[in-house]
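Protein chains in written order, with this note's numbering: chain A, 1 to 428; chain B, 1 to 250.
Simulated from the structure, these hints should not be mistaken for laboratory data. Incorrect hints may appear among the rest.
Unchecked claim - Derived Cβ-Cβ restraints for the label pairs, each shown as a range:
id, chain 1, residue 1, chain 2, residue 2, range
1, B, Val233, A, Asp134, 42 to 48 Å
2, A, Ala85, B, Asp211, 32 to 38 Å
3, A, Pro121, B, Met214, 53 to 59 Å
4, B, Asp232, A, Pro121, 43 to 49 Å
5, A, Phe369, B, Gly148, 51 to 57 Å
6, B, Gly148, A, Asp124, 19 to 25 Å
7, B, Thr58, A, Glu150, 27 to 33 Å
Glycine included, every Cβ here is placed at the ideal spot set by N, Cα and C.
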Amino acid sequence: MDSRSTPDQADASRRAFLKSTLALGGAGLAVAAGTRTAAAEGDPKITELQDWNRYLGPGVDAAPYGLPSEFEKDVVRRDVPWLTADATSSVNFTPLHALDGIITPNGLCFERHHGGVAEIPPQDHRLMINGLVDRPMVFTMEDLYRFPRENRVYFLECAANTGMEWRGAQLNGCQYTHGMVHCVMYTGTPLRNLLNEAGLKSSGKWLLAEGADASAMTRSIPMEKALDDCLVAWKMNGEALRSEQGYPVRLVVPGWEGNMWVKWLRRLEVGDQPWEQREETSKYTDLLADGKARKFTFQMEVKSVITAPSPQAPVTHGKGRTVITGLAWSGNGTIRRVDVSLDGGRNWHAARIDPQSFPKAVHRFYYDFDWDGSELLLQSRAMDEKGFVQPTKEALRKVRGANSIYHNNGIQTWHLKTDGALENVEVS
Amino acid sequence: MSKFRKLAFLAGLFGATLAAHAQDTAKKAEAAEGPVTDAALSTDARAGSRLGLGRVATPDEVAAWDIDVRPDGKGLPVGKGTVSDGETIFAEQCASCHGDFGEGRDRWPQLAGGFDTLTRDRPVKTVGSYWPYLSTVYDYVHRAMPFGNARSLSNDDVYALTAYVLYLNDIETDEDFELSNENFTAVTMPNAGTFVPDDRAEEQHYKDDADPCMTDCKPGPVKITMHAQVLDVTPEGGGDESGPAGGSVD
Chain A
1 MDSRSTPDQA DASRRAFLKS TLALGGAGLA VAAGTRTAAA EGDPKITELQ
51 DWNRYLGPGV DAAPYGLPSE FEKDVVRRDV PWLTADATSS VNFTPLHALD
101 GIITPNGLCF ERHHGGVAEI PPQDHRLMIN GLVDRPMVFT MEDLYRFPRE
151 NRVYFLECAA NTGMEWRGAQ LNGCQYTHGM VHCVMYTGTP LRNLLNEAGL
201 KSSGKWLLAE GADASAMTRS IPMEKALDDC LVAWKMNGEA LRSEQGYPVR
251 LVVPGWEGNM WVKWLRRLEV GDQPWEQREE TSKYTDLLAD GKARKFTFQM
301 EVKSVITAPS PQAPVTHGKG RTVITGLAWS GNGTIRRVDV SLDGGRNWHA
351 ARIDPQSFPK AVHRFYYDFD WDGSELLLQS RAMDEKGFVQ PTKEALRKVR
401 GANSIYHNNG IQTWHLKTDG ALENVEVS
Chain B
1 MSKFRKLAFL AGLFGATLAA HAQDTAKKAE AAEGPVTDAA LSTDARAGSR
51 LGLGRVATPD EVAAWDIDVR PDGKGLPVGK GTVSDGETIF AEQCASCHGD
101 FGEGRDRWPQ LAGGFDTLTR DRPVKTVGSY WPYLSTVYDY VHRAMPFGNA
151 RSLSNDDVYA LTAYVLYLND IETDEDFELS NENFTAVTMP NAGTFVPDDR
201 AEEQHYKDDA DPCMTDCKPG PVKITMHAQV LDVTPEGGGD ESGPAGGSVD
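Can you make the complete structure from the sequences, with help from the hints?
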């Protein structure tokens, strides 16, 4: 069908009914039709003996560290080569469209490096604390493992997530538009425990965190946040951090932009003012329409996206029972509510959140409905525990212009067409 | 309920929860206080009680890693370099990516120019047009450049390169200009002072949306105003040119 057609929602259902009737023998409903035929004649997958019913599979030693089924080989991180000059200072995207629940598998967590992946033997890694402290300290990994531990589930969202969409619909799939986010359980020790070992001077108001990789990533963090809920973490989802996530140790800055979660963390310096480093002046500052730029925009705002159906996860079952699912998150804490619209924001329905999730973690939502086969404009809108409601992109552009690059939490629209395909669009 | 009364109400609730939690924690701590031993205390990292982990860093170790520089000049090493020294080093070490005049080759970052473009449709954000502090230039070049061979430049090299980047941006016009730790903080960048604090939470749309509309929220039919497929810049998956975006699950 013509993807440029403008759906007039008033007569969309009539038109869509005609189209879906025409599509009945076509590719859109081939799966449903095939299943029905098989059922009538007896499904050979049942009536005939299959190889896996008869022959032995691999033994227990076949995969000392297991990988997903070969049938899931398309569920991988992907990048967009034209986004950056070089793959070593670049980003790839979590395949949100194929995942469920709230925990991102370690191997699928998106990557963002500024100097490639540092491979650091843990016995060679050191963490230094210096600056306005009673005594500058050095810790080995062995030392860190002896600190009291906490386990916390948090989302990590790149400040630039959805940044390519500021000017309008550009990339076709939630992996690309929203996939610079992941959510795992971190094991580590509260940052305040380390600072306490060095002894904070009362003049210490800011903390500089620095990475050991070739970009020597640095960010200034207000001491209030550092002492509140930041973690120095060495495990994710129960196992050691992946190299690309900062092995052997990274900073966890709950609810705040991913750039501050310094990987391969090697140094913490206490100071009485921010350092104004490259990553908080040239980058991670948000240009406004009047030429001024916001700085220190640390917090990630309330946000959501429907992950399926979406352009990479079309509806293949035809009309009838349909599950809409997605993610919602906020740097303010928990998500209180997610609403779903099928008609581009004219009418909204409360979605179901499952499981009840954690503050500053992603929340999984579902909206189950009967699809009549008509064109729909799918949207989700999250509200967080502080009462902040996810804005439209139009509302954001009205106050910020289109050149902020970072912090685009606008409502996403997917155009579901009668054949079950979806497209990233913007609506009036 | 107005947005702000609602927020205040929520804040009150939240505060009460916190207070209750704090009380609870205090009670637990009190209960645990009885038979507490020195060994038990040493696993409790409450403020003031150190665990005795790690060791004191030596001055040489701190000096080796602490190379950061602040806008007020704190952290600058002793040293100096001229614009002409910088031009030579830049040609050898930097121009292959950033261009002879800091114009940026291919997709590599442009370092100079772009003045008066920040309010345009396509702003050009460079050291000259955007960066607020010269300290960031010194610090970043010293810690992370050249890309792929970081920390290979001497302190004087970095002073010279910083002077040359000022020259490329017409902030310093004298080829004989020498930048040093002595005169460094006298340089003011053109875009200093245009950075403002984060006030996103005060934006009107957040205030307006306290109680979002649920039914008949827009007059008339909703129109599609933009399509991603028209732009068609998403990588394709599996070599299937006609298929949906890369990573399709079907």
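Hints, verified against the model:
1. B/Val233 to A/Asp134: 42 to 48 Å: With Cβ atoms ~54 Å apart, the hint is violated.
2. A/Ala85 to B/Asp211: 32 to 38 Å: Distance hint for A/Ala85, B/Asp211 is violated at roughly 46 Å.
3. A/Pro121 to B/Met214: 53 to 59 Å: Once the Cβ atoms are compared, 56 Å apart, the range 53 to 59 Å for B/Met214 and A/Pro121 holds.
4. B/Asp232 to A/Pro121: 43 to 49 Å: holds (45 Å)
5. A/Phe369 to B/Gly148: 51 to 57 Å: This hint holds: roughly 53 Å between Cβ atoms.
6. B/Gly148 to A/Asp124: 19 to 25 Å: holds (21 Å)
7. B/Thr58 to A/Glu150: 27 to 33 Å: Since B/Thr58 and A/Glu150 have Cβ atoms about 31 Å apart, the given range 27 to 33 Å holds.
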